[in-house]
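Asker: Chain order of the listed sequences is A and B. Each residue of the first sequence is one higher than the one before, counting from 83 in my numbering. Each residue of the second sequence is one higher than the one before, counting from 677 in my numbering.
Read the hints as simulated data drawn from the structure, not as lab findings. Heads up, some of the hints might be wrong.
Here are a few chain A residues that sit away from chain B, every Cβ distance over 12 Å (derived from the structure) [to be verified]:
#1 Asn178
#2 Met180
#3 Gln219
#4 Asn222
#5 Asp231
#6 Asn232
#7 Gln240
#8 Ala288
#9 Glu292
#10 Asp299
#11 Thr310
#12 Lys321
#13 Glu353
#14 Pro356
#15 Asp366
Have a look at the derived ranges for each label pair, beta carbon to beta carbon [claimed, not checked]:
#16 A/Glu183 x B/Leu817: 44 to 54 Å
#17 B/Ile758 x A/Pro307: 27 to 37 Å
#18 B/Gly702 x A/Gly277: 37 to 47 Å
#19 B/Lys724 x A/Ala304: 53 to 63 Å
#20 A/Gly375 x B/Ala711: 33 to 43 Å
#21 B/Val847 x A/Gly241: 46 to 56 Å
Source: prediction; values computed, not measured. Ideal Cβ placement from N, Cα and C applies to all residues, glycine included.
Each chain is listed here by its residues.
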Amino acid sequence: MTPQEAKEMTSEPPPTTGEQSEQTESTKQRRFGGDGRSTRRTPTEAGHRVTIDSLNAYYGDQHAVKELSINFEPNKVTALIGPSGCGKSTLVRCINRMHEEIPGARATGKVMVDDTDVYDERVDVVAVRRAIGMVFQKANPFPTMSIYDNVAAGLRLQGTKGARLKERVEQSLHGAGLWDEVKDRLARPGIGLSGGQQQRLCIARALAAEPDVILMDEPCSALDPIATLRIEELVEELKTRYTIVIVTHNMQQAARVADTTAFMLSGELVEHAPTEKMFTNPDDDRTEQYVTGKFG
Amino acid sequence: MSAVPLDSTFAPIGAGRRRKDKLMRGLLGLGTLVALVPLVLVLYYLLKKGLGAVSWHFLSTDPTGNFLGDPGGIKSAIFGTIEMVALASLISIPIGVGVALYLVEYGKKNKFASAVRYFVDVMTGVPSIVFGLFIYITLILSGNFGSFAGWKGSVALALLMLPIVTRSAEVVLLLVPDHLREAALALGAPRWRVVSRVVLPTALPGLVTGSLLAIARAAGETALLLFTAAIVNGTSLNLGQRMNSLPLQIFTDVGQAQDRLVARAWGAALTLVVLILLLTLIARFVSRRSRLT
Chain A
83 MTPQEAKEMT
93 SEPPPTTGEQ
103 SEQTESTKQR
113 RFGGDGRSTR
123 RTPTEAGHRV
133 TIDSLNAYYG
143 DQHAVKELSI
153 NFEPNKVTAL
163 IGPSGCGKST
173 LVRCINRMHE
183 EIPGARATGK
193 VMVDDTDVYD
203 ERVDVVAVRR
213 AIGMVFQKAN
223 PFPTMSIYDN
233 VAAGLRLQGT
243 KGARLKERVE
253 QSLHGAGLWD
263 EVKDRLARPG
273 IGLSGGQQQR
283 LCIARALAAE
293 PDVILMDEPC
303 SALDPIATLR
313 IEELVEELKT
323 RYTIVIVTHN
333 MQQAARVADT
343 TAFMLSGELV
353 EHAPTEKMFT
363 NPDDDRTEQY
373 VTGKFG
Chain B
677 MSAVPLDSTF
687 APIGAGRRRK
697 DKLMRGLLGL
707 GTLVALVPLV
717 LVLYYLLKKG
727 LGAVSWHFLS
737 TDPTGNFLGD
747 PGGIKSAIFG
757 TIEMVALASL
767 ISIPIGVGVA
777 LYLVEYGKKN
787 KFASAVRYFV
797 DVMTGVPSIV
807 FGLFIYITLI
817 LSGNFGSFAG
827 WKGSVALALL
837 MLPIVTRSAE
847 VVLLLVPDHL
857 REAALALGAP
867 RWRVVSRVVL
877 PTALPGLVTG
887 SLLAIARAAG
897 ETALLLFTAA
907 IVNGTSLNLG
917 QRMNSLPLQI
927 FTDVGQAQDR
937 LVARAWGAAL
947 TLVVLILLLT
957 LIARFVSRRS
967 RLT
């Protein structure tokens with residue numbers, strides 16, 4: 083398809099909050115179907131809504147996420163907090179279907195991105211992961227690749243070639259706030275960067291793939307406070323274009339970056355509310371005990 | 677912080693423990709030295725006896741087979757070894773790495789993969805002469821493929837190399853951290869591309885090392901070439917013909933009564949070691965260069 087057509091196909095307004103807009107079969111096909119090669123879109127300014135409905139996730143016999151339903155609003159940052167092992171990471175890994183990569187792991191329920199269920203059998207898992215980017219706890223740049231190639235990998239791994247690669251790499255590095263620091267050494271190995279820079283490199287790599295939604299699984303847990311601050315500023319910037327879900331162990335971080343915060347306990351959602359309310363006047367006693375440091 | 681008296685915190689370690697530490701250190705150092713002795717002796721004798729035999733004439737002429745006069749050099753053996761080992765590598769390395777990829781990336785712990793792993797282990801322990809015998813029976817005695825030939829030697833060598841390549845590649849591929857696979861999968865890469873773009877490049881230096889181990893092993897193999905490629909004097913560039921090889925040249929020469937033939941065996945042995953050394957250096961260089969391109 084020509085760039086013109088691609089533009090037209092994606093310039094339709096995103097579904098407005100609260101009401102479900104009609105989406106045709108062909109648009110579903112475009113987003114998640116086939117080999118994913120036809121899914122290349124120009125990035126839209128607006129984020130996409132993620133709706134999770136009665137999600138259950140298992141590791142073998144262990145029931146890690148229980149009948150969980152939650153909404154992630156477009157262009158908002160949602161923080162997931164809760165004690166270790168409560169299923170936060172499992173929940174985000176269910177959104178881009180990385181959960182099923184673990185041997186013995188499975189999930190049931192619905193995860194809707196706009197109006198498409200990513201667990202629909204017609205949906206190609208590879209396309210899901212192209213539309214939903216992920217940043218991991220530990221910065222994981224590819225050790226054999228240069229800084230440039232690491233970011234380009236976001237595209238090359240999807241089979242994208244062509245002249246726009248260079249431009250997109252630069253765009254993504256700008257987007258991740260890393261361009262000025264690395265523009266003179268793009269050919270140097272990605273693992274030569276500092277921990278915080280590596281994590282932003284991974285964010286750039288995820289951005290290069292042009293996702294609709296970005297999942298962050300404790301992206302700052304291995305970083306020092308300054309590097310953490312940089313990432314948090316970046317999250318603030320990115321939410322103008324993306325829907326962001328961030329798992330964090332750090333309640334101050336949730337308070338700083340998140341518009342809404344969800345508290346999980348033993349695989350269940352306890353409470354999901356605007357961040358300010360969660361930290362000042364939560365409805366549930368357990369939330370209050372957790373955010374005030376009485377347990378966890 | 678409670679105040680701990682300084683002298684108790686930093687009290688000197690008892691003399692007994694110190695003596696034990698010294699003793700253990702001495703023992704381990706001694707063990708290392710003992711292990712080095714045979715290695716150094718082998719290299720020493722190889723250089724002492726072999727260097728005298730090696731000359732341009734030695735490397736560039738075929739053995740004459742004459743009892744009197746010039747016995748000739750080892751050209752045919754060098755060519756034969758290189759050709760047969762090269763073909764064996766072309767057969768066994770892609771297959772071996774492929775099997776390892778299947779085991780690590782796809783088979784994981786299923787029954788078929790476990791069975792394959794078990795048979796690969798068994799194959800590692802099979803003596804080389806058994807592979808030679810197998811090829812002798814199936815490819816030579818069966819009468820369908822003619823007589824002794826270089827390519828039959830290659831196939832036998834490939835059988836020998838296959839389990840070594842597979843086993844070492846599997847170990848190396850397992851060392852590639854899972855978080856790199858996850859990173860690539862989460863970018864929306866199909867699994868084959870995760871393997872070709874991320875897993876293989878990351879594992880490359882280790883794959884090269886493992887393959888070299890197999891090549892070195894095959895280059896020194898004697899028994900199975902005896903009854904697959906046979907022994908000849910002339911150089912052949914045709915893998916369909918009989919072929920000479922360095923280990924067999926050594927094997928025949930060292931049993932001869934003439935000193936100059938025994939000297940040729942030493943020269944051939946030195947040549948073989950140098951060939952493998954060169955190959956190792958080249959492969960290291962190549963794999964280091966390719967790490968970042």
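Asker: Now tell me if each hint is right for this structure.
Answerer: We went through each hint and held it up to the structure:
The claim that A/Asn178 is not at the interface with chain B is violated, since a C-beta of that chain comes within 12 Å of its own (minimum 6 Å). Look at A/Met180: its CB is around 6 Å from the nearest CB on chain B, not clear of 12 Å, so calling it non-interface is violated. Distance check on A/Gln219: its Cβ comes as close as 9 Å (rounded) to a Cβ of chain B, failing to clear the 12 Å threshold; non-interface status is violated. Consistency note on A/Asn222: stated as away from chain B, yet its beta-carbon is not over 12 Å from all of that chain's, at 4 Å minimum.
A beta-carbon of chain B is positioned within 12 Å of the beta-carbon of A/Asp231; the least distance is around 9 Å. Not every beta carbon of chain B lies more than 12 Å from that of A/Asn232, the smallest distance being close to 10 Å; the non-interface claim is violated. Look at A/Gln240: its CB is around 5 Å from the nearest CB on chain B, not clear of 12 Å, so calling it non-interface is violated. A/Ala288, annotated as away from the interface, has a beta carbon of chain B within 12 Å; the closest lies near 7 Å.
In this structure A/Glu292 is not separated from chain B by more than 12 Å, as the shortest Cβ-Cβ distance comes to only about 10 Å. Chain B draws A/Asp299 into its interface by the beta-carbon criterion, the shortest separation being 10 Å against a cut-off of 12 Å. The beta carbon of A/Thr310 is kept farther than 12 Å from every beta carbon of chain B, the shortest such distance being approximately 20 Å. The Cβ of A/Lys321 lies farther than 12 Å from every Cβ of chain B, with a closest approach of about 20 Å, so its non-interface assignment holds.
No beta-carbon of chain B comes within 12 Å of the beta-carbon of A/Glu353; the shortest separation is about 28 Å. With a closest Cβ-Cβ approach of about 29 Å to chain B, A/Pro356 is found to remain outside the 12 Å limit, as its non-interface label requires. For A/Asp366, the shortest C-beta to C-beta distance to chain B comes to about 32 Å, beyond the 12 Å cut-off, and the non-interface label holds. Distance hint for A/Glu183 and B/Leu817: a CB-CB separation of about 50 Å, consistent with the stated range 44 to 54 Å.
In this structure the supplied range 27 to 37 Å is violated for B/Ile758 paired with A/Pro307, their Cβ-Cβ distance being about 60 Å. Our hint of 37 to 47 Å for B/Gly702 and A/Gly277 holds, since their Cβ atoms are close to 42 Å apart. Separated by about 56 Å at the C-beta atoms, B/Lys724 and A/Ala304 satisfy the suggested range of 53 to 63 Å. Checked against the hint of 33 to 43 Å, the C-beta distance between A/Gly375 and B/Ala711 comes to roughly 58 Å, which is inconsistent with it.
Distance hint check for B/Val847 and A/Gly241: the Cβ-Cβ separation is about 30 Å, which falls outside the suggested range of 46 to 56 Å.
The structure fails to meet hints 1, 2, 3, 4, 5, 6, 7, 8, 9, 10, 17, 20, 21 from the earlier list, while all remaining hints are met.
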